[in-house]
Amino acid sequence: MFLAWNEIKKNKLRFTLITGVLMLVSYLVFFLSGLATGLESLNRESVDKWEATAIILTEESDKSLPQSSMTLDELNGVDAKESAVIGQINAIAANGDQKNNVSIFGIEKDEFIMPNVTEGKEFSNTNEVIASDSLKEDGFKLGDNLQLSSTEERLTIVGFTDEARFNGAPVLYGDLSTFHRVKYGEAAELNADQINGIVVRTDGLSSITQNDALEVSEIETFIRNLPGYTEQNLTLNFMIYFLFAISSVIVAIFLYVLTVQKISMFGVMKAQGISNRYLSQSVIAQTFILAAIGVTVGFVLTLISGAFLPSAVPVSFDLATMILYGLILIIVAILGAVFSVLTIVKIDPLKAIGG
Amino acid sequence: MAILELNQVKKSFGTGHKKVEALKETNFQANKGELVAVIGPSGSGKSTFLTIAGGLQTPSSGDIIINNQNLTALNEKKRSKIRLKEIGFILQSSNLIPFLTVDMQMKLLDKVKKGNMTKEELEQLYEDLGIGDLRSKYPVDLSGGERQRAAIAKALYSNPSIILADEPTASLDSDRAYEVMELLKSETKNKNTTTIVVTHDIRLIGYCDKVYNMTDGVLTLEKEKQAVE
Ligand SMILES: Nc1ncnc2c1ncn2[C@@H]1O[C@H](COP(=O)(O)OP(=O)(O)O)[C@@H](O)[C@H]1O
Ligand SMILES: [Mg+2]
Numbered sequence: 001m002f003l004a005w006n007e008i009k010k011n012k013l014r015f016t017l018i019t020g021v022l023m024l025v026s027y028l029v030f031f032l033s034g035l036a037t038g039l040e041s042l043n044r045e046s047v048d049k050w051e052a053t054a055i056i057l058t059e060e061s062d063k064s065l066p067q068s069s070m071t072l073d074e075l076n077g078v079d080a081k082e083s084a085v086i087g088q089i090n091a092i093a094a095n096g097d098q099k100n101n102v103s104i105f106g107i108e109k110d111e112f113i114m115p116n117v118t119e120g121k122e123f124s125n126t127n128e129v130i131a132s133d134s135l136k137e138d139g140f141k142l143g144d145n146l147q148l149s150s151t152e153e154r155l156t157i158v159g160f161t162d163e164a165r166f167n168g169a170p171v172l173y174g175d176l177s178t179f180h181r182v183k184y185g186e187a188a189e190l191n192a193d194q195i196n197g198i199v200v201r202t203d204g205l206s207s208i209t210q211n212d213a214l215e216v217s218e219i220e221t222f223i224r225n226l227p228g229y230t231e232q233n234l235t236l237n238f239m240i241y242f243l244f245a246i247s248s249v250i251v252a253i254f255l256y257v258l259t260v261q262k263i264s265m266f267g268v269m270k271a272q273g274i275s276n277r278y279l280s281q282s283v284i285a286q287t288f289i290l291a292a293i294g295v296t297v298g299f300v301l302t303l304i305s306g307a308f309l310p311s312a313v314p315v316s317f318d319l320a321t322m323i324l325y326g327l328i329l330i331i332v333a334i335l336g337a338v339f340s341v342l343t344i345v346k347i348d349p350l351k352a353i354g355g
Numbered sequence: 001m002a003i004l005e006l007n008q009v010k011k012s013f014g015t016g017h018k019k020v021e022a023l024k025e026t027n028f029q030a031n032k033g034e035l036v037a038v039i040g041p042s043g044s045g046k047s048t049f050l051t052i053a054g055g056l057q058t059p060s061s062g063d064i065i066i067n068n069q070n071l072t073a074l075n076e077k078k079r080s081k082i083r084l085k086e087i088g089f090i091l092q093s094s095n096l097i098p099f100l101t102v103d104m105q106m107k108l109l110d111k112v113k114k115g116n117m118t119k120e121e122l123e124q125l126y127e128d129l130g131i132g133d134l135r136s137k138y139p140v141d142l143s144g145g146e147r148q149r150a151a152i153a154k155a156l157y158s159n160p161s162i163i164l165a166d167e168p169t170a171s172l173d174s175d176r177a178y179e180v181m182e183l184l185k186s187e188t189k190n191k192n193t194t195t196i197v198v199t200h201d202i203r204l205i206g207y208c209d210k211v212y213n214m215t216d217g218v219l220t221l222e223k224e225k226q227a228v229e
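Note that the protein sequences, when read in sequence, are chains A and B. Here UniProt numbering is used: position 261 in the first sequence is 261, and no number is missing along the way. Here UniProt numbering is used: position 81 in the second sequence is 81, and no number is missing along the way.
Hints are supplied without guarantee of correctness; some may be wrong.
As the list claims (entries may be wrong) - Under 7 Å between C-beta atoms, here's a sample of chain A residues computed to sit facing chain B:
#1 2
#2 5
#3 14
#4 265
#5 271
#6 273
#7 274
#8 275
Everything labelled a hint here was simulated from the structure, so no lab data went into it. Note that the coordinates shown come from a computational prediction; the quantities given were computed from them, not determined experimentally. All C-beta atoms, glycine included, are put in the ideal place defined by N, C-alpha and C.
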């Protein structure tokens, strides 16, 4: 630490620059991880809220809730501790001023996917809905009479619930008859037994249904198959992993150049009898100091700028993930120092004497 | 009493017709309290001799014995420890760390080894070397002579039993060169250590107890103090 710290103090500009670069890289990493977490919740928070084990959809639908179609009768063949039926349709909802994408969930009030109400009350009549509270930020409020695209039906917001977004759209929860009216209009009566899927809570997956036309998907599998979900995550995670590699390479190059400049100095110290171990530890310590400062400042800046972001930006910071990524950044920076350590170990003290 | 011994030491570089015998068979002894000069033309093998004596390179054959330890049998890690403990190198170019003040150069030694000079001894050393006012300066702010004196302070601070100096006065003007030799001499006498100075400057040999000549890898004793006086 003695050598490491004194060198940093004497060469402030140089080390401030590299710390600045590390800070920017970690800022970007933290921000992307926030974006990944934010986009994930945008897609899955309503499903996570069910705390379900699996979802039963038709085999043909290929794990897509809107594409799956079955009747309430299928419930009879389902062997699970708890089950809940769901009908789902996407629509555009307008309250006169605002328009928004929504996902309408038709459910049974007494089943476990019925959401809690954070404001207002539960739906009790047809065409009453509990809306995702994210709609409040878009200008929707209790009592709003919603006009829907593709149907004459109008829905009334009687309550709000939290964590209710599905595949990018805020959810409107109503009862099955509401769902049928939105989906089938005049033919609602005829299609009163139509649903999209059955959500279950149970222990084993294998024995849930014997019906070959149905497919049981674990919730995590179902989420991964939401349109765009996996692609989005892969893209963002790829960028993050790439940034890890970049910061390692930046540190490696920077330290390597510094080390090469100091070869004769290291040689002198080695001639003097100072061990490779001491010199290597000093380089590692230096890298740790630089990376720790860079990452910490990046972390703080991320949190500060996160607080000022408009709510439309889907960023949500998960501290555990950020700390993990911060540690990874410090570790890859230290890996970058390995080149320099190898260089130091190879320096022949004799050369430094310049016989 | 011999603190440093070279027994039948040879060093050659390369093989076949390109082979250079930098050091022909050499037997050498240095005792406590002795200031020894090795003079000779450039390329004659002086540095090779000094670096082998200091355990910085291994001989092709023969033994180096420092303070009763045979270096030839040891690996670089162990030789490095012996260098740290027993030897103070003073190099042609200053061997100071650029980002440490004069004081910190000494502190670095405290970090890596025990048995260095006490605070009082260091004060005395600074005073003897006339660098007391320079202790919080960085090497870049020192003149060539000041740097060389700081480097000497660093070599002496660790209380080495042997000081090996390779052309320590090469970058200094005559007055400074004499000053440095005077210092080395008094340190050697006061601390009863052994100092070997490699130089091609024959004006410096008057300070030395023994003078060896190196010619084409052959080391011969030229003068002993009695003869000089
Ligand atoms: N590492 C080496 N490889 C090959 N030849 C060397 C090496 N070191 C020294 N020599 C040769 O050994 C001879 C003695 O060199 P050196 O000890 O440096 O002489 P001096 O210090 O007296 O100028 C020279 O001919 C030099 O070219
Ligand atoms: Mg030489």
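We went through each hint and held it up to the structure:
no.	hint	verdict
1	2	holds, 5 Å
2	5	violated, 10 Å
3	14	violated, 11 Å
4	265	holds, 6 Å
5	271	holds, 6 Å
6	273	holds, 3 Å
7	274	holds, 5 Å
8	275	holds, 6 Å
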